Every structure is written in structure tokens, then in C-alpha cells.
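K.L.:
So the protein sequences, as listed, match chains A and B. Residues 259 to 404 in my numbering are what the first sequence lists, from first letter to last. Residues 636 to 771 in my numbering are what the second sequence lists, from first letter to last.
Heads up, a few of these hints could be off.
Unchecked claim - Cross-link-like lysine-lysine pairs, in silico, BS3-like; alpha carbons within 30 Å at most: (1) A/349 - B/757; (2) B/712 - A/374; (3) A/374 - A/307; (4) A/331 - B/649; (5) A/395 - B/712; (6) B/642 - A/320; (7) B/741 - A/320; (8) B/688 - A/307.
In case anyone wonders, no lab produced these hints; they're calculated from the structure. Only a predicted model underlies this, so the values are computations on that prediction, with no experimental measurement involved.
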Amino acid sequence: MPAFNRRSPFEELDRMRRQMDRVLSSYSDDMPGSGIAGVFPLANLSEDKDAYYVRAELPGIKANDLDISITGKTLSISGERSITAHGDKVKYHRREREAGSFSRVITLPGQADANKVEAQCSNGVLTIVLPKAESAKPKQIAVKAS
Amino acid sequence: MTDKESKELQAKEKTAVSTPAESTRPGPVFEPAVDIFENEKELILLADIPGVKSSDLTIDLNDGVLTLSGDAESPEKQNESDIFREYRTGKYFRQFTVSEAVDQSKIEAELKEGVLHLHLPKVEVVAPRKIAVKSS
Numbered sequence: 259m260p261a262f263n264r265r266s267p268f269e270e271l272d273r274m275r276r277q278m279d280r281v282l283s284s285y286s287d288d289m290p291g292s293g294i295a296g297v298f299p300l301a302n303l304s305e306d307k308d309a310y311y312v313r314a315e316l317p318g319i320k321a322n323d324l325d326i327s328i329t330g331k332t333l334s335i336s337g338e339r340s341i342t343a344h345g346d347k348v349k350y351h352r353r354e355r356e357a358g359s360f361s362r363v364i365t366l367p368g369q370a371d372a373n374k375v376e377a378q379c380s381n382g383v384l385t386i387v388l389p390k391a392e393s394a395k396p397k398q399i400a401v402k403a404s
Numbered sequence: 636m637t638d639k640e641s642k643e644l645q646a647k648e649k650t651a652v653s654t655p656a657e658s659t660r661p662g663p664v665f666e667p668a669v670d671i672f673e674n675e676k677e678l679i680l681l682a683d684i685p686g687v688k689s690s691d692l693t694i695d696l697n698d699g700v701l702t703l704s705g706d707a708e709s710p711e712k713q714n715e716s717d718i719f720r721e722y723r724t725g726k727y728f729r730q731f732t733v734s735e736a737v738d739q740s741k742i743e744a745e746l747k748e749g750v751l752h753l754h755l756p757k758v759e760v761v762a763p764r765k766i767a768v769k770s771s
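All chains should be built: construct the whole structure from the sequences, respecting the hints.
P.N.:
Next up, the structure:
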């Protein structure tokens, strides 16, 4: 004989919905910040207490194809990606990689010391280390006990 | 084919895929963009796999299936916190069926600036040989 529960008949559905939500959210992107700027290249900006770090994936781009400059809080990255021609008598089966020019500006949340900025490109990943200006570094505030 | 048209590059998010193989490390898996073309002597495959070192790259050709598998380490150090993140770092994985007969012993792979250059030389086609019949 079936046992009748006093709980709402929708509880089971509720529980399933919560489970589905959890499963679906674990597949979605967990990126902080709202949406991408939509400008090539996609970049990640992070910081620690001493510096800002900008990283971008630029496969096939050599260091001298890049133009990086900084003014105050504005970092500008531009360049050209070329696809090497592989001779005349080639037949393409698939063409997904693109060539072209790009130019992007990233605004830092604080001032960087322009003289100490270093950029490095290895394995197709561009890493720019921007040491913070003194005014942008966090200051510890001592709490006086009275 | 020379591209000097300097059009603006569009930003594209990487395509995440679910792989049939099990991952030893959790994280997203992406499908790298590739160019495949051939000339008379070889098939050439170029794949964009930024962040992958040659020691973390596996290339396999088995039963006519070419498997590319690479691991890119997250470059962020432990004490870095994200301000914004537009792309994720993860593994790269892609498979292709190779219909041409490929001389496996002569496959060459080169990893330059985050791009894999894979040369698959075609097997030399044996020309049909006419057999002369001697009449005695």
C-alpha cells in the first residue's frame, strides 16, 4: 500500500530542478567580469599586490609583429598576424586560422610604472607584467587599540 | 597564396569540447583552430595551440586517425587574483581521419610560437610496372 507523504507533491520536482541547475551551472563559464569586450585578442587581466598582469593568446605572432605601449592607465596592444604562404600548388582542406591586423586597448584599474613594464611572448602567449605605481599599491592600515 | 589584405581580426572564443578520452586533470578542453592543406608530396597541418610546450604535446597516428592532444598550464601564479578573464586555459584536443596513405616514419612535427606545424609525407605511389613477355 503506497505511503502518503504530507509534503508537497512538488518537492520532488523542486529537488530535481535544483540538481539540474547545479549540473548546468557547472558546465557554464565561470568567468568573473561581464562578457568579453569582443576585441581581438581576448585577454586576461590579473593582479597581485605589486603588479598587474595582462596575458593574451597570440599564436603564430612573433615579438616584432607586436606593438605595445602604455600611457598612464591605458595599455595598447596592436599588431599583425600573417599566415605563411606555403607555395602555389597547395589544395586547402580546411582553413580555420585567420590572418589580419588587431588593435586593442586595456584600461588598468590603477597606475602602472611605465618605465618598469616588461612584455614577453613565448609559446604564442603574450605576458605583460606592469609593476604598480606606488599610489596603486595597497597600503596596510594599522588599527590602534585604544 | 599571399594575404596582404590586413583585415581586422575578430575575437573568437575557443570552442570547448567534451572528449572521449578521460582527463587526468580536471579543466576545460578546447578544439584548436587548424589549417589543413596538401601539395604533391605531403599533407600539412597547422594548429594553433598557444601555451603548450613540446613536452606537453602528444601526436598520434593510429588506424588512419590522427590525434592531437596538448596541455597548456595556467600561467597565473597562486597569489594573482583576476580582474577580468576573457579566455580560459586548458587542454587542446582534436582528431582527424587521414584518408591518404601517409609514410609514418617520415612525419615531422615542429612547434613554433604556439603553432604546431605537422608534415605528413604521402607514401610514394608505386608506378605500375609493365612486364614484358619474352617470346621464345
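K.L.:
Does each hint hold? Answer for all of them.
P.N.:
Hint check:
no.	hint	verdict
1	A/349 - B/757	holds, 14 Å
2	B/712 - A/374	holds, 20 Å
3	A/374 - A/307	holds, 15 Å
4	A/331 - B/649	holds, 28 Å
5	A/395 - B/712	holds, 18 Å
6	B/642 - A/320	holds, 18 Å
7	B/741 - A/320	holds, 28 Å
8	B/688 - A/307	holds, 29 Å
When the structure is compared with the earlier hints, no violation turns up for any of them.
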